[in-house]
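Line by line, the protein sequences give chains A and Z.
1 is the number of the first residue of the first sequence in this note's numbering; add one for each residue after it.
1001 is the number of the first residue of the second sequence in this note's numbering; add one for each residue after it.
Be aware that one or more of the hints could be misleading.
[To be verified] Below, simulated EDC-like cross-link-like pairs (lysine to aspartate or glutamate); rule was C-alpha separation at most 16 Å, straight line:
(1) A:Lys-121 with Z:Glu-1027
(2) Z:Lys-1098 with Z:Glu-1061
(3) A:Lys-117 with Z:Glu-1018
(4) A:Lys-116 with Z:Glu-1018
(5) Z:Lys-1098 with Z:Glu-1055
(6) Z:Lys-1091 with Z:Glu-1054
(7) A:Lys-117 with Z:Glu-1025
(8) Z:Lys-1098 with Z:Asp-1060
(9) Z:Lys-1091 with Z:Glu-1061
(10) A:Lys-121 with Z:Glu-1018
(11) A:Lys-56 with A:Glu-101
(12) Z:Lys-1091 with Z:Asp-1060
(13) Z:Lys-1091 with Z:Glu-1055
(14) A:Lys-121 with Z:Glu-1029
(15) A:Lys-121 with Z:Glu-1025
(16) A:Lys-116 with A:Glu-101
Derived from the structure by calculation, the hints contain no laboratory data.
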Amino acid sequence: MNFLIIVLLYVLSHGLTALVVTPVQNIFLPEVTVFASLMYLPHGVRVLATWAYGWKAIPALIVGVSLSAWLFSPSEDLNFLEPALIEGILVGAASAFIAFEFARFAGYNFYFGGSKKLRWKGMIAVGALSSVINSLGQTLVYSDLIDFEKIIGVWAVYAVGDLIGLVVCMVVLMLVFRWSRAFTVLKS
Amino acid sequence: MATNLMNKSLGKLSALFELRSMLREMEHEVGLDALTPVEMDVFLAAHALSGSREEVVTSDEIRKHDLTAGIAQASYHRALRSLLSLGLLEKAEGHKSKHYLVRGDLAGS
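Taking the hints into account, I'd like the entire structure generated from these sequences.
Quick look at the structure:
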């Protein structure tokens, strides 16, 4: 069940990014939109799912990323046998886990149920580390396709997009919980 | 078997509860904490009494207002304390205790 929830949330957030965020961004920042979204919502799903389920979130994220790529990428650009695509999917799915593991080795077990209770600022910090790992990994995987002079810019846009995506996910969830509380008060 | 299933369900719910509590804390720290209905009634009563001239209002005056008359004493005092801690009401200077000033900038909005 958790597996399906993570897959669905990932596909939904990817769909929102691909069908809403990216076209809007393309109007204002077409030169950036060619290679990355400045608000990549699935990063929020990666980080929150990994916080809650640890390594068990990785297979679900792999399925979510693959399904999203199949659903939202032009079919001629997609070849699941291409090593770069497989590596990119694996890096994306494992980036949050690697960040949480870094924190654990440094003595901060931030997973849900771990020794340290993670607060919201901590979640954003781990999400930031995860976005750095992901963007570094994606830049390395796709280094052949990116001009060397542009590599730092691309890396930074990936990282910023992931981080903004996580923050927006958390704010949206915060508002959903807030509205649900207000609804409960109204009902009572 | 049944205990295992229950523990699993509780585990899933706890993650959701902890996420909810984490985001509640975020809401509070970024200043988006919503007022409870009682706090809102006490604030509106104080605002109505203070009027546009931003007059000092007393705890007794707020307590006797139509909006707050039905609130239990303990809830009323909790709401008053909460409004003070949120900065929506301030203790009036030059007065004895239980005199309050409604924050002008918020009262006007």
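Checklist entry - Where does the structure disagree with the numbered hints, that is, which hint numbers, in rising order? => result none
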